[in-house]
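Student: Listed here are the chains, written in short residue letters.
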Amino acid sequence: MNTWPGPENSWEGVGAYFTWAGSSGMLVLISLVCAAICLGVIIAAAKHESETSDNIK
Amino acid sequence: MTIDQLANFVLGQQKVSAEAYYWWCTGLMIIIHVGFLMYEVGATRMKNAVSSGVKNLLAFAFMIPTFWLFGWWIYWAFPGGFVPIFDAGLDIPGYGLPWNEFSGPFIGDNETGVFWAAFTLFACTTASIFSGAVIERIRISAFVFLATILGSVVWILGAAWGWHAGGWLVTNWGFHDVAAAGCVHTIAGLFAFGVLLNLGPRIGKYNDDGTANEIEGHSLVLSFVGLLTLIVGFFGFLGGCLIWPGVAVYDTASMVGVEGWTNIYGAPMTLSSFVFNTLMGLAGGMIGAFWYSKGNPFWMMSGGLAGIFICAGGLDIWYPGFAFILGVVAGIVIIPANNWLHNTFKIDDCVGAVSIHGVCGILGMLAVGLFASGYPAVGDIPASNLMGQIVGIITMALVGFVPGYVISLVMKMAGWLRVPDSVQEAGIDKAELGLRAYSD
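From first to last, the protein sequence lines are chains F and C.
Here this note's numbering is used: position 28 in the first sequence is 28, and no number is missing along the way.
Here this note's numbering is used: position 85 in the second sequence is 85, and no number is missing along the way.
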């Protein structure tokens with residue numbers, strides 16, 4: 001869904017046309033989710049490493 | 001066709017040509033990571049071969065979103081130092097932030113995406129440089145975290161200062177480093193050095209009396225094919241260091257930047273100058289290392305890379321014969337420099353990354369000051385000069401070393417840096433990933 005400026009009927013005068021381009025709150029939220037995924041996976045990997053090293057001991 | 005239509009046609013061709021050029025540079029740069037992966041896996045013992053490769057793949061995967069989230073913004077917001085300027089990027093407020101309208105599909109902006117992609121791959125290269133130094137005993141999660149700090153924060157801060165037409169090292173000191181000897185190679189090499197001091201060597205590297213043992217990788221052939229592959233990818237990297245004609249107009253009177261290529265500081269140059277000096281430096285490095293190492297293929301190929309990196313600072317202006325001589329110097333210097341670092345600091349730099357990238361990056365910046373002072377820049381940027389290069393060397397070395405050392409020290413104190421000895425002995429592949437690189 002192209003919300004802003006929205007090439008719904010025409011490409012005339014279109015700038016940013018990506019999804020949720022008109023909703024800065026949504027863009028910030030998605031960006032934060034991306035950051036959380038990256039950080040979460042690093043933390044999960046660190047936990048897995050600690051568990052496996054305990055098993056090796 | 002009217003004059004206006006013709007002008008629009010030419011402008012359209014210019015935009016899509018530039019876009020396509022950086023698109024393919026980015027694709028070619030991915031080959032750097034194929035090369036690094038083969039090189040490092042080959043330099044690893046068989047019991048850790050998979051985890052070394054996984055580490056390379058993860059550095060690549062994590063760099064892309066994190067560079068989109070904050071790396072690209074750092075480049076545009078910090079050319080003046082440590083205080084961000086929010087409308088520094090192309091005079092657009094918030095340019096580079098992930099929620100900025102230019103950080104996604106935008107009709108009329110053919111450049112942001114491909115430039116972001118090229119810079120992301122430069123960032124991945126810094127992580128891969130660091131990666132080889134720490135194989136076989138760094139925790140994968142710790143490596144990913146440190147690689148993200150290096151690739152999406154540290155090197156790009158150095159680039160904002162010294163590899164940006166508005167960077168303070170450039171505008172105040174006339175710092176000249178067209179192909180990133182400082183912000184990529186020196187910073188990555190010195191960051192790796194800082195981490196190595198805290199990480200410690202692999203089990204069995206040093207004896208109780210301080211003497212070192214050679215820990216051989218499981219495939220020398222894989223390593224030097226990887227190194228040659230890496231050099232192919234560097235043509236994408238170096239190509240991405242140029243500015244396509246018309247992308248940036250630095251001086252409307254002289255039309256510099258419109259009628260031909262410019263370097264990243266806006267001075268006129270040619271792609272031919274890069275290829276002259278890249279190939280001559282590469283050959284010099286291989287020959288120098290071949291002679292000094294008495295035919296060791298690992299050092300010969302590393303020497304080739306070092307030959308390119310020592311020429312990188314002035315890759316646009318060297319006389320090709322001198323680039324060859326610089327390459328020979330690099331090929332010779334990396335071996336005693338690597339030995340000295342190991343003997344003095346008792347580090348275990350498995351692939352010589354500190355020497356090849358850190359030392360040769362510094363020598364490359366110094367060479368510009370010693371042999372290429374006085375080259376004019378555009379606008380108010382001072383001409384290249386020795387003092388500017390020395391300030392650049394000190395800055396890049398500190399920007400690389402200090403975060404690498406301090407952050408890894410904190411991680412070491414928290415017990416989140418080094419693989420336990422028991423896991424090292426069992427092999428990381430089997431212990432953590434539950435698989436082996438080669439079946440029986």
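Just so you know, the hints here were simulated from the structure itself, not pulled from any lab data.
Some hints here could point you the wrong way.
Claimed, not checked - Here are the simulated BS3-like pairs of lysine-lysine, each with C-alpha atoms no more than 30 Å apart in a straight line:
#1 F:LYS57 with C:LYS294
#2 C:LYS205 with C:LYS430
#3 C:LYS205 with F:LYS57
#4 C:LYS205 with F:LYS47
#5 C:LYS430 with C:LYS15
#6 C:LYS15 with C:LYS412
#7 C:LYS346 with C:LYS412
#8 C:LYS47 with C:LYS15
#9 F:LYS47 with C:LYS412
#10 F:LYS47 with C:LYS15
#11 F:LYS57 with C:LYS346
#12 C:LYS430 with F:LYS47
#13 F:LYS57 with C:LYS15
#14 C:LYS430 with C:LYS412
#15 C:LYS205 with C:LYS15
#16 C:LYS294 with C:LYS412
#17 C:LYS47 with C:LYS346
#18 C:LYS430 with C:LYS294
#19 C:LYS205 with C:LYS47
#20 F:LYS47 with C:LYS294
#21 C:LYS430 with C:LYS346
Student: Taking only the CA atoms, is the gap from F:LYS47 to C:LYS15 under or equal to 30 Å?
Tutor: Measuring from Cα to Cα gives roughly 48 Å; hence the hint is violated.
Student: Straight-line Cα separation of C:LYS430 and C:LYS294 no greater than 30 Å?
Tutor: Violated, at roughly 37 Å.
Student: Do the alpha carbons of C:LYS346 and C:LYS412 lie within 30 Å of each other, as the hint requires?
Tutor: 17 Å, holds
Student: If you draw a straight line from the CA of C:LYS294 to the CA of C:LYS412, is it 30 Å or shorter?
Tutor: 39 Å, violated
Student: Hinted pair, alpha-carbon criterion (30 Å max): F:LYS47, C:LYS412. Please report holds or violated.
Tutor: 16 Å, holds
Student: Would the pair C:LYS430 and C:LYS15 pass a check requiring their Cα atoms to be no farther apart than 30 Å?
Tutor: Status violated; Cα separation ~51 Å.
Student: Mind checking the alpha carbons of C:LYS205 and C:LYS430 for me, to see if they're no more than 30 Å apart?
Tutor: 21 Å, holds
Student: Within a Cα-Cα threshold of 30 Å, do F:LYS47 and C:LYS294 meet the stated pairing?
Tutor: 46 Å, violated
Student: Does C:LYS15 sit within 30 Å of C:LYS205, going by the straight-line distance between their CA atoms?
Tutor: At roughly 54 Å apart (the allowed maximum being 30 Å), C:LYS15 and C:LYS205 break the hint.
Student: Check whether the Cα positions of F:LYS57 and C:LYS15 lie no farther apart than 30 Å.
Tutor: Between F:LYS57 and C:LYS15 the Cα gap is close to 60 Å, so the pair fails against 30 Å, i.e. violated.
Student: What's the verdict on C:LYS47 and C:LYS346, does the C-alpha distance respect the 30 Å limit or exceed it?
Tutor: Within the cut-off at roughly 24 Å; holds.
Student: For the pair supplied as a hint, F:LYS57 and C:LYS346, confirm whether the alpha-carbon distance does not exceed 30 Å.
Tutor: Holds: F:LYS57 and C:LYS346 sit about 27 Å apart, inside 30 Å.
In terms of the numbered hints stated before, the structure departs from hints 1, 5, 6, 8, 10, 13, 15, 16, 18 and 20, listed from lowest to highest.
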